[in-house]
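*Asks:* As they're listed, the protein sequences go chains A and B. Residue 28 is where the first sequence starts when you use the working numbering, and the numbers rise one by one after that. Residue 2 is where the second sequence starts when you use the working numbering, and the numbers rise one by one after that.
If you are wondering where the hints come from, they were derived from the structure by calculation, not from laboratory data. Even for Gly, the Cβ is constructed at its ideal location relative to N, Cα and C. Hints should not be assumed to be uniformly reliable.
Claimed, not checked - Among chain A residues calculated to face chain B with C-beta under 8 angstroms, some are:
#1 Lys31
#2 Leu78
#3 Asp87
#4 Ala91
#5 Ile104
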Amino acid sequence: MRTKCHKIEHRISDYIDGTLSERQTVAVASHIRSCQSCQREVADLKKTQHLLKNFYVEPDASDAYYAEFTAKLQHRIEQSAPTALHQRFAAAAMRLGWQLGTQIHRYTDHFRPSRFISIRRHALPYYVLALATTLLIAALFLLTQVSLYDNGKHVRFPSAALQPAVTLSIQQDKTTVQPVGIRRNINSERTTETPSVDSGSDVWKFTDEPMIDGYIFAKLRKEGSDAVPSIALGIDSELLAYAEFPAQGAIWARLTSRDVLTEDRYALLLLRGINTGQHARQQYERKRSESKGFSQISEKLLDVPLEMLSVAAVYDPIKL
Amino acid sequence: MDRTEALLIADLCEGDETALAPLVERYKRMVYRLAVQITKNHADADDVMQETFIKVYRSIHTFRRDAAFETWLYRITVNEALNFVKRRERQRESTIETTPEGEYEVSTRYRAQLASDPHTHAEKAELRQYVTEAVNSLPLKHRTVVILHEFEGLTHAEIASILNCSEGTVRSRLHYARKKLRTLLKPYMEASAI
Numbered sequence: 028m029r030t031k032c033h034k035i036e037h038r039i040s041d042y043i044d045g046t047l048s049e050r051q052t053v054a055v056a057s058h059i060r061s062c063q064s065c066q067r068e069v070a071d072l073k074k075t076q077h078l079l080k081n082f083y084v085e086p087d088a089s090d091a092y093y094a095e096f097t098a099k100l101q102h103r104i105e106q107s108a109p110t111a112l113h114q115r116f117a118a119a120a121m122r123l124g125w126q127l128g129t130q131i132h133r134y135t136d137h138f139r140p141s142r143f144i145s146i147r148r149h150a151l152p153y154y155v156l157a158l159a160t161t162l163l164i165a166a167l168f169l170l171t172q173v174s175l176y177d178n179g180k181h182v183r184f185p186s187a188a189l190q191p192a193v194t195l196s197i198q199q200d201k202t203t204v205q206p207v208g209i210r211r212n213i214n215s216e217r218t219t220e221t222p223s224v225d226s227g228s229d230v231w232k233f234t235d236e237p238m239i240d241g242y243i244f245a246k247l248r249k250e251g252s253d254a255v256p257s258i259a260l261g262i263d264s265e266l267l268a269y270a271e272f273p274a275q276g277a278i279w280a281r282l283t284s285r286d287v288l289t290e291d292r293y294a295l296l297l298l299r300g301i302n303t304g305q306h307a308r309q310q311y312e313r314k315r316s317e318s319k320g321f322s323q324i325s326e327k328l329l330d331v332p333l334e335m336l337s338v339a340a341v342y343d344p345i346k347l
Numbered sequence: 002m003d004r005t006e007a008l009l010i011a012d013l014c015e016g017d018e019t020a021l022a023p024l025v026e027r028y029k030r031m032v033y034r035l036a037v038q039i040t041k042n043h044a045d046a047d048d049v050m051q052e053t054f055i056k057v058y059r060s061i062h063t064f065r066r067d068a069a070f071e072t073w074l075y076r077i078t079v080n081e082a083l084n085f086v087k088r089r090e091r092q093r094e095s096t097i098e099t100t101p102e103g104e105y106e107v108s109t110r111y112r113a114q115l116a117s118d119p120h121t122h123a124e125k126a127e128l129r130q131y132v133t134e135a136v137n138s139l140p141l142k143h144r145t146v147v148i149l150h151e152f153e154g155l156t157h158a159e160i161a162s163i164l165n166c167s168e169g170t171v172r173s174r175l176h177y178a179r180k181k182l183r184t185l186l187k188p189y190m191e192a193s194a195i
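Only chain A is shown next, with the shape it has when bound in the complex (with noise of 0.2 angstroms):
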């Protein structure tokens, strides 16, 4: 009897209120009839309901009281309103997105093409202001952007802000200086020659490797110590090397949009992997075994990009 009472408890409040289907109220109201403990419970809450519905004081306020609440909501939504020409137009503009928003996502639920168009008919001048202005804006920044075509294939991008953070000039035995471009992080202030990561307690140095066929495979080590770093074996510590060089010949036809550096530099993905040496070597020679176009190549450069090394980015050059 007992388990029958623990399952019908949880549903008398509902066969009090009537919501039980009719199997349900048959199960319930069969048990309450043959269960004292039940026809208690059940005559409670209804004696519980019937103090609640005849005693309980529902509060109210004075008619004073509401004509006062009036005129303040009155003052208040007057001086909420916007008055100055800047506010007036934010207000139109965050108007204007939310409710394009919201009647897109009636449109598209309902397919109901009048519902599109519900705009307040006094700010319709503050509307159109604010589309007019958001399509200028739009249309400048992808002026800065895309300065041009060519040939309809490759979009070019302005050099001036993906010129290397940092760079490091390495000697050569032929005494000629061959730049090595170490990207960094533009907007970032460390201007260390050698690039280095914290992984915590423990620095991380990018040691000077031999260059190898114009190439440097950097290696990422701690001082005294040929471990690699930890951070370098998790998901975000991705090393990629980019020989960068002028777009020419074959090369051209195989470059992607990930590829372009500058105006008139690129960049052919060459390793992405946890650069160790030896490791990067090996992949450096059989991409290059199998890539005809880098005989054209008369540039080289490494650049490693350190923040592929703390942070899970995915890594676009057009961006650094």
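Got chain A; can you put chain B on it based on the hints?
*Replies:* This is chain B only, laid out in the frame that chain A set:
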């Protein structure tokens, strides 16, 4: 001219601010009642009421007209009031120790009087006060459900929609709230045998 509710809402959507006043007039008592029951305080209810109508004014264009305006207004009011109470509780916690939510706060004076002479409490005025105190002593979540169901007459589904929870949760809260109320009101039930 008496405008219908749908017309008022349409006008308000189109920026006619004069449409707000009739809506306020129509629903002010409902909003106040709900706000004061949840916040248990006139001053707080006044704030909630203002925020509610300001939100109605600013967000009327988000109201889906295929739904009932009253339910939408209930949702705004309840959420404003609940947020208000939560903010207030946080502020209190940072300053003074308070009785934790869920503790019953029905005055001991009433309990003592009930035990000594229940017939005295048959006086309706005092009974009303006792029942009201019992409801007010419920934890916030339970009290809200009781108010919406028992006094506002909303269905489980409507309450679930307003509180953004499942109907099962509403049923469960209502069940436990009633049990607590039964316990609180038991002395009176036994004494007066309604």
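*Asks:* Run every hint past the structure and note whether it holds.
*Replies:* Here is what the structure says about each hint:
1. A cut of 8 angstroms between beta carbons decides the hint on Lys31 (chain A): the least distance to chain B is about 17 angstroms, and the hint is violated.
2. With 8 angstroms as the threshold, the beta carbon of Leu78 (chain A) comes within range of chain B, its nearest partner Cβ sitting at about 5 angstroms, so the hint holds.
3. Because the closest C-beta pair between Asp87 (chain A) and chain B is about 6 angstroms apart, less than 8 angstroms, the hint holds.
4. At its closest, the beta carbon of Ala91 (chain A) sits 13 angstroms from a beta carbon of chain B; the interface hint therefore is violated under the 8 angstroms criterion.
5. A least Cβ separation of about 6 angstroms between Ile104 (chain A) and chain B falls short of the 8 angstroms threshold, and the interface hint therefore holds.
Hint compliance for this structure: hints 1 and 4 are not met, and every other hint is.
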